[in-house]
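Asks: Sequence:
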Amino acid sequence: MTAAATSSDSAPPAGAAQGFDFNAYLAARKAEVETALEASLPPEEPESLREAMRYSLLAGGKRLRPILCLAACELAGGDPALAMPTAVALEMIHTMSLIHDDLPAMDDDDLRRGRPTNHKVYGEAVAILAGDALLTRAFEMVALRSPGVPAERLLKVVAELSLVSGAPGLVGGQVVDLECEGKQVDLETLEYIHLHKTGALLRACVITGALIAGADATRIDSLRTYARGIGLAFQIVDDILDVTASSDVLGKTAGKDLIADKTTYPKLLGLEESRQRAKALVEEAKASLAAFKPTEPAKASPLLALADYVIGRDR
Numbered sequence: 264m265t266a267a268a269t270s271s272d273s274a275p276p277a278g279a280a281q282g283f284d285f286n287a288y289l290a291a292r293k294a295e296v297e298t299a300l301e302a303s304l305p306p307e308e309p310e311s312l313r314e315a316m317r318y319s320l321l322a323g324g325k326r327l328r329p330i331l332c333l334a335a336c337e338l339a340g341g342d343p344a345l346a347m348p349t350a351v352a353l354e355m356i357h358t359m360s361l362i363h364d365d366l367p368a369m370d371d372d373d374l375r376r377g378r379p380t381n382h383k384v385y386g387e388a389v390a391i392l393a394g395d396a397l398l399t400r401a402f403e404m405v406a407l408r409s410p411g412v413p414a415e416r417l418l419k420v421v422a423e424l425s426l427v428s429g430a431p432g433l434v435g436g437q438v439v440d441l442e443c444e445g446k447q448v449d450l451e452t453l454e455y456i457h458l459h460k461t462g463a464l465l466r467a468c469v470i471t472g473a474l475i476a477g478a479d480a481t482r483i484d485s486l487r488t489y490a491r492g493i494g495l496a497f498q499i500v501d502d503i504l505d506v507t508a509s510s511d512v513l514g515k516t517a518g519k520d521l522i523a524d525k526t527t528y529p530k531l532l533g534l535e536e537s538r539q540r541a542k543a544l545v546e547e548a549k550a551s552l553a554a555f556k557p558t559e560p561a562k563a564s565p566l567l568a569l570a571d572y573v574i575g576r577d578r
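The opening position of the sequence shown corresponds to residue 264 in the working numbering, with each subsequent residue numbered one higher.
Careful: at least some of the hints might be erroneous.
Simulated crosslink set (DMTMM-like; lysine to aspartate or glutamate; CA at most 20 Å straight-line) [unchecked claim]: (1) Lys530 / Asp501; (2) Lys383 / Glu295; (3) Lys446 / Asp371; (4) Lys562 / Asp577; (5) Lys446 / Asp505; (6) Lys419 / Glu297; (7) Lys383 / Asp395; (8) Lys419 / Glu444; (9) Lys446 / Asp479; (10) Lys562 / Asp479; (11) Lys325 / Asp501; (12) Lys325 / Asp577; (13) Lys542 / Asp501; (14) Lys325 / Glu297; (15) Lys562 / Glu547; (16) Lys530 / Asp479; (17) Lys542 / Glu403; (18) Lys562 / Asp484; (19) Lys530 / Glu546.
Using C-beta positions, here's what the derived DEER-type ranges look like [said to hold, decoys possible]: (20) Ala287 / Ala414: 31 to 37 Å; (21) Asp284 / Ala368: 40 to 46 Å; (22) Leu450 / Asp373: 16 to 22 Å.
Calculated directly from the structure, the hints in this document are not laboratory data.
By construction, the Cβ of each residue, glycine as well, lies at the ideal position given by its N, Cα and C atoms.
Let the sequences and hints guide you as you build the complete structure.
Replies: Take a look at the structure:
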């Protein structure tokens with residue numbers, strides 16, 4: 264259990280509505296997401312491909328990204344149930360990125376979520392194809408499996424997912440990340456990498472949820488600021504955990520960034536300054552939700568609590 268989750272047993276996170284039970288919220292939303300993920304990959308041929316897709320998609324995890332999407336939709340005045348197909352799509356894109364990142368040609372990792380990585384179980388070729396299939400299924404979830412959402416809103420969601428999945432987002436960030444291995448990297452370049460990898464997908468989670476709800480431009484801008492803050496903070500905490508936590512706790516190989524000679528926040532700033540930077544980013548993220556709080560204090564609570572969760576987690 265994380266520090267953030269522990270603290271929520273006695274009091275709501277800073278800024279959250281009194282009486283908000285973050286643990287209960289997280290558990291309920293995660294259960295809903297797991298059910299939707301299970302239903303998203305029904306029996307189909309080839310069974311070998313479906314098995315590889317399910318192996319990684321249903322491997323557990325925090326489900327932070329789909330929950331962010333649902334919470335943002337609710338905050339913006341929408342029905343979270345209408346955002347569930349998009350929430351599933353976001354987890355599919357995230358899973359694709361993990362499968363591909365673990366490949367020998369990328370980060371070359373053997374462990375993910377406490378289990379052998381996809382290519383270790385199914386081989387590199389099937390792992391690549393499973394990732395590709397999850398990416399394309401994500402767009403299917405939005406375009407073909409989102410009843411009740413106006414077409415013009417779905418088009419905006421597709422556009423957002425296209426940007427985050429391609430060269431302006433995950434792919435571009437991964438290329439720069441690979442190019443910088445073994446090199447001295449400044450803070451600006453490091454943040455470029457993470458804003459286009461971890462940060463880009465977290466931003467898409469928040470923005471797509473709000474788009475489904477029909478949020479106006481002002482509120483979308485506020486949520487972009489929120490997403491930028493938690494995106495960078497999330498990666499800083501990842502970098503810290505890579506050097507302070509064990510593989511057993513993380514569920515993935517600890518210390519792999521050090522082995523790959525990657526520049527990380529602790530390497531560039533030191534552990535304590537990295538922690539302070541993550542904390543400051545989370546505070547900025549929470550402050551960006553001020554426009555919502557006067558009229559929807561309870562609805563803002565999940566995103567406020569999730570921001571605290573980002574820096575309180577231990578894996």
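Asks: Please work out if Lys530 and Glu546 have their alpha carbons no farther apart than 20 Å.
Replies: violated (23 Å)
Asks: Regarding Ala287 and Ala414, is the given constraint of 31 to 37 Å on their beta-carbon distance met?
Replies: Between Ala287 and Ala414, where Cβ atoms are some 35 Å apart, the hint holds.
Asks: Given a hint of 16 to 22 Å, does the C-beta separation of Leu450 and Asp373 actually sit inside it?
Replies: Roughly 31 Å apart at Cβ, these two residues miss the hinted range, so it is violated.
Asks: Next pair to validate is Lys446 with Asp505; report whether the Cα-Cα distance is within 20 Å.
Replies: Judged against 20 Å, a Cα distance of about 19 Å means the pair holds.
Asks: Checking one constraint from the list: CA of Lys325 to CA of Glu297, max 20 Å. Satisfied?
Replies: holds (10 Å)
Asks: Check the hint pairing Lys562 with Asp577 against an upper bound of 20 Å on the C-alpha distance.
Replies: With Cα atoms ~26 Å apart, Lys562 and Asp577 exceed 20 Å; violated.
Asks: Between Lys446 and Asp371, is the straight-line Cα distance small enough, at 20 Å or below?
Replies: Judged against 20 Å, a Cα distance of about 19 Å means the pair holds.
Asks: Taking 20 Å as the top limit, are the C-alpha atoms of Lys325 and Asp577 close enough?
Replies: holds (11 Å)
Asks: Below or equal to 20 Å on CA atoms is what counts here, so check Lys562 against Asp484.
Replies: Distance ~18 Å between Lys562 and Asp484 Cα, so the pair holds.
Asks: Taking 20 Å as the top limit, are the C-alpha atoms of Lys419 and Glu444 close enough?
Replies: violated (35 Å)
Asks: What's the verdict on Lys562 and Glu547, does the C-alpha distance respect the 20 Å limit or exceed it?
Replies: holds (18 Å)
Asks: Given the hint of 40 to 46 Å, check if Asp284 and Ala368 actually sit that far apart at their C-beta atoms.
Replies: holds (44 Å)
Checked against the numbered hints above, the structure breaks hints 2, 4, 6, 8, 9, 16, 17, 19 and 22 and satisfies the rest.
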